[in-house]
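Asks: With the hints as your guide, set chains B, C and D onto chain A.
Spelled out, the chains give:
Number of protein chains: 4
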Amino acid sequence: MEPTRRSFDLAHLAHVELLTPKLEDSVNFFINVMGMTESGRRGDSVYLRGWDDYEHHTLKLTASNVTGMGHFAFRTSSAEALQRRVKVIEDAGFGTGWTDGDLGHGPAYAFTTTDGHPMELYYETEWYKAPAELKPSLKNQAMRFPARGVNVRRLDHLNLLAADVSALRQFFEDILGMRVTEKIVLDNGQEAGVWVTATNKSYDVAFTADHYGARGRFHHVTYALDSREEVLRAADIFLENGVHIETGPHKHAIQQTFFLYVYEPSGIRVEVANAGARLILAPDWQPIVWTEAERKKGQAWGLKTIESFHTHGSPPIEEYTGPKTK
Amino acid sequence: MEPTRRSFDLAHLAHVELLTPKLEDSVNFFINVMGMTESGRRGDSVYLRGWDDYEHHTLKLTASNVTGMGHFAFRTSSAEALQRRVKVIEDAGFGTGWTDGDLGHGPAYAFTTTDGHPMELYYETEWYKAPAELKPSLKNQAMRFPARGVNVRRLDHLNLLAADVSALRQFFEDILGMRVTEKIVLDNGQEAGVWVTATNKSYDVAFTADHYGARGRFHHVTYALDSREEVLRAADIFLENGVHIETGPHKHAIQQTFFLYVYEPSGIRVEVANAGARLILAPDWQPIVWTEAERKKGQAWGLKTIESFHTHGSPPIEEYTGPKTK
Amino acid sequence: MEPTRRSFDLAHLAHVELLTPKLEDSVNFFINVMGMTESGRRGDSVYLRGWDDYEHHTLKLTASNVTGMGHFAFRTSSAEALQRRVKVIEDAGFGTGWTDGDLGHGPAYAFTTTDGHPMELYYETEWYKAPAELKPSLKNQAMRFPARGVNVRRLDHLNLLAADVSALRQFFEDILGMRVTEKIVLDNGQEAGVWVTATNKSYDVAFTADHYGARGRFHHVTYALDSREEVLRAADIFLENGVHIETGPHKHAIQQTFFLYVYEPSGIRVEVANAGARLILAPDWQPIVWTEAERKKGQAWGLKTIESFHTHGSPPIEEYTGPKTK
Amino acid sequence: MEPTRRSFDLAHLAHVELLTPKLEDSVNFFINVMGMTESGRRGDSVYLRGWDDYEHHTLKLTASNVTGMGHFAFRTSSAEALQRRVKVIEDAGFGTGWTDGDLGHGPAYAFTTTDGHPMELYYETEWYKAPAELKPSLKNQAMRFPARGVNVRRLDHLNLLAADVSALRQFFEDILGMRVTEKIVLDNGQEAGVWVTATNKSYDVAFTADHYGARGRFHHVTYALDSREEVLRAADIFLENGVHIETGPHKHAIQQTFFLYVYEPSGIRVEVANAGARLILAPDWQPIVWTEAERKKGQAWGLKTIESFHTHGSPPIEEYTGPKTK
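These protein sequence lines map, in sequence, to chains A, B, C and D. Here the first sequence stands for residues -14 to 311, where the numbers follow this note's numbering. Here the second sequence stands for residues -14 to 311, where the numbers follow this note's numbering. Here the third sequence stands for residues -14 to 311, where the numbers follow this note's numbering. Here the fourth sequence stands for residues -14 to 311, where the numbers follow this note's numbering.
If you are wondering where the hints come from, they were derived from the structure by calculation, not from laboratory data. Wrong hints could be hidden among the right ones.
A pair holds if it fits inside one copy or across any two, identical chains being indistinguishable in the list.
Capping the alpha-carbon separation at 30 Å, the derived lysine-lysine pairs in DSS-like fashion look like this [what the hints assert, rightly or not]:
#1 Lys281 / Lys114
#2 Lys282 / Lys7
#3 Lys309 / Lys281
#4 Lys309 / Lys7
#5 Lys124 / Lys114
#6 Lys120 / Lys289
#7 Lys124 / Lys282
#8 Lys289 / Lys309
#9 Lys311 / Lys282
#10 Lys7 / Lys114
#11 Lys281 / Lys120
#12 Lys289 / Lys124
#13 Lys311 / Lys281
#14 Lys282 / Lys120
#15 Lys281 / Lys124
#16 Lys282 / Lys114
Chain A with its partners taken away, still in its complex shape (with noise of 0.2 Å):
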């Protein structure tokens, strides 16, 4: 088989900007539910990490007036990668430009998916230096473990919802360099969900496509935890925390990852999750492509899929304004 990597350009999913009207109470279940530490603030922005993201934020949490992705970066292997893709994307017409940076990071070039997502990539970047008080006793973890909350180690992955799957799919492979690990496939041949990476991780990036067939909309951002056993307890701390479970903790077919979906205050869906020793080694690694009728038997051990998993996204759809495809 053919190898299915074709660039070795991006090196891993960086941050994720999330919109939110109560900016104070994201913040706080951030950093007292999740367990995450706050590395910044300006202007409308709260910048945040797990205990072993080592840049200088994973999360950045803007003020808004209603619920969004605000944009998502990926690092790249190298200064000479950043430039490569760039042209990529200017050439193929999705570039906005160049920004300064932001807290944390050097210049980054701005672009738009197919489906109107706001991304990033750059390269330079502040490693995260812990101050004495949460320096950690290994030397080889960005910082000391919080033990509070549910200590959600580093970002891995997010989720987006899409009006043309195969578009963006295409984007990610083509424009982007990623290479596609599973994806399910309608019986009359659309594409309904495509997993992405740029790594040895099964998958960086997942899209599916819009209930309603709105553009460019976000649907999770997921944290990784050690075990499936501290998923559990991720649980218990949510239900004590008065936080929404939309659906988990279970495993889910696809991907095997075990899963626990929550809404922070702002109503934005966060997951915690555990892939085990699952990684992507094979480089032609074919995608996994799951029917409608393996799709009907829900998750990994029956679960059926809750309904709000399809409709609700941020912004919700009562707050969307852009153009419906549906």
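Replies: Okay, now just chains B, C and D, sitting in the frame of chain A:
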């Protein structure tokens, strides 16, 4: 910081051949205690795999008078990557030459490390196709979960002993294009242990100074389990099966791996381990350097390293016939 | 508060006899999927045990035309306790009479609950002695850990359906001297579910209102696993073996048990579960009372209770030939 | 076999009072590292509890010049059981007399063991009522899960040192009506360690021979966690907090407890542990006897017992002022 991963030519550690004077006992151990599956036999060799190893085999056991490591192999990222890398090896004078391949994979280029460890690179491989009775319920895993013994998931890494650690480190960096994630540097400046990776795993190969200064010996092979709980349960199972537990379960300070070391029937050290959600995603990861003083603290939670861990290798020093540098 | 445990005469739930129309399939399920061990056969019955059950058996499977529960038994705290308790039962008119015992235990006193469930009490028992190949490495466990299938540890509890929950609750309290730890009371004051214990476990028997008002039906038997992680792994193993997973893994709000329900081949519901370190140590524990409103919240983390959980019993209602009260 | 549990008068281990020269440091450790909650202060004492301890407190820390154990208490099964047991103690000449009780419990009868350990029995107690901000989401647990530090669930057991192990064993059996579940008997016939229980837990109190022959010293107190994974995570948290880890995590051969021992700030040994689903349900459980040869094998998976485990007690032997028998 500069990116430290200079090449993406190597895709992943593919398999290791172990030499055993007790072939059938060793096979029985890997199948009934470790929970692996036999995928073929040829001549004096038996081929085995974990339930989520995607290739024909990740372990080849070959009958021998003395324990040792026959060879280990990396799969490359593409056919072109194989050619590129072979040229570097040949030009540097480490090459032995092409072989026709083996059960389960195509033509392989053989060479030796600076320390004399036999290695191979290849690209063409045979994806494992589970027979009906071993078909998994979820089509994104290689084989049905066996529910037998320790149930190792996949090959994770291997560990070598080396007469000259620095030379071997340079070999893995310059000739194979792997990057160093952690290392031990003695007070006199000598490198005593190095961990290198070709993937987002924090290491695929490790090597430490041979206590006797012998060249090319083997330390252990490691299979991955999905959780620390499974490593603990593995300890129960090894105990019940009369398997010699050398040390663990405990957590390494270096790499933070949750480890458990046992000897298979012929005396070769085997590890089962879990790394949680730890990955090296940063393209410019700088090697973590551990000092002598730090090493004296023992493992992460204070366990002192057992003496045999520094001395026992394959072949045992009593049977080693090569040059000693100490 | 007053102590709620009125008697120490019952030592623990000892075994349950299940009636199966598919005896060999059922035996195969309990041995190869659940990981139990056969300890004897007699007539149409096969006797089984978990790896840390100390008696001859905790499960007796008997061939039958229809699924059902043949009887279940408690072991008493002493020979005197047996006599004391038999007198209470006889005096109250529930007694059937003495039997000579069965494989693995001595004389048993048979009786029926208010709802018609056949029960027995006995004291004399045969401690399991593992044959050489099943001897454990640690002499404080009954048998070697099997490392096969789900590896259930020991019988934990069983769950009955009842036409009259309150009458059955009084029976367990007044006649058997067990205490109520939790219960469901409907808005109309009716008891809909009760959990009773004779030990420090938070329940040994539970019973809920039969949806059809049938008398004496059986809901499920539960075996204990050592961790929630093992319950999750059990789900993987059930999936691989084509076992019908009814619901779970998830955490009950009531009793906080981490549960997983499946059907064995003849259709009898079987649970594997873990309770963590939860015990009822308080001698004056007062029953936790759950309201209809609280029950509507679903399980601990929000899972809605599946419909079949309220209706499916043994025998199935289609095969039930007794009186119905609804 | 005969039933070995001669009395049901004792309900469970209720609390322990530890004497600490560093009261505030100790309080900080138990609250912020162990995750306990303060439930009161009086004089030089601070009262604490785990999140599922149902009484006012299970730990009382009292300022003192030297570390030690102030007293420990069992709650009885009823008011009558208390009177019965006090009579036995008084008749045997071990009694000290009644106290008015303490914060959280009613009148207590004080006495000393054969080895001089101060003990109390009481029945009347104050059930913990969580304030609004600590109310649990599930009403069948005592308090909200704290999600802070190690999150110990409940008091599990304590361990004493004794100059005369056999005398103390007889005291627990004959005077307190507890039963022996396991013990160590040396080749010379001397008992070197005994584990006794009043419940279905496999032990509530353990005691081993004092290395120095000192009388009445204290070895450690243990709090229960819900899983082995939580014990491992506790090790990470102790490490991050600079807490001295003496030994573990590992599994004891005796009782199979998964243990982790640390020293709180004043030097008193504290354990966090998990027993899985192991319980002693058999009414006629016969003590497991471990020989010297068996003990030399070390812990379950081969860990050698650390020297300080045999010598370090409270008070430290340097500060001990009583008689030594060796």
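Asks: If a hint holds in the structure, say so; if it doesn't, say that too.
Replies: Hint check results:
1. Lys281 / Lys114: Intra 47 Å, inter 25 Å, cutoff 30 Å: inter-copy only.
2. Lys282 / Lys7: Close across copies (26 Å), not inside one copy (37 Å); limit 30 Å.
3. Lys309 / Lys281: Within. Shortest intra-copy distance 26 Å satisfies the 30 Å Cα cut-off; inter-copy 36 Å does not.
4. Lys309 / Lys7: within (27 Å within a copy, 55 Å between copies)
5. Lys124 / Lys114: within (11 Å within a copy, 42 Å between copies)
6. Lys120 / Lys289: between (43 Å within a copy, 24 Å between copies)
7. Lys124 / Lys282: between (45 Å within a copy, 13 Å between copies)
8. Lys289 / Lys309: Cα proximity of Lys289 and Lys309: one copy only (27 Å, versus 33 Å across).
9. Lys311 / Lys282: within (26 Å within a copy, 34 Å between copies)
10. Lys7 / Lys114: Close inside one copy (29 Å), not across copies (33 Å); limit 30 Å.
11. Lys281 / Lys120: Only across copies: Lys281 and Lys120 sit 20 Å apart there, 48 Å inside one copy, limit 30 Å.
12. Lys289 / Lys124: between (43 Å within a copy, 19 Å between copies)
13. Lys311 / Lys281: within (22 Å within a copy, 35 Å between copies)
14. Lys282 / Lys120: between (46 Å within a copy, 18 Å between copies)
15. Lys281 / Lys124: between (46 Å within a copy, 15 Å between copies)
16. Lys282 / Lys114: between (47 Å within a copy, 24 Å between copies)
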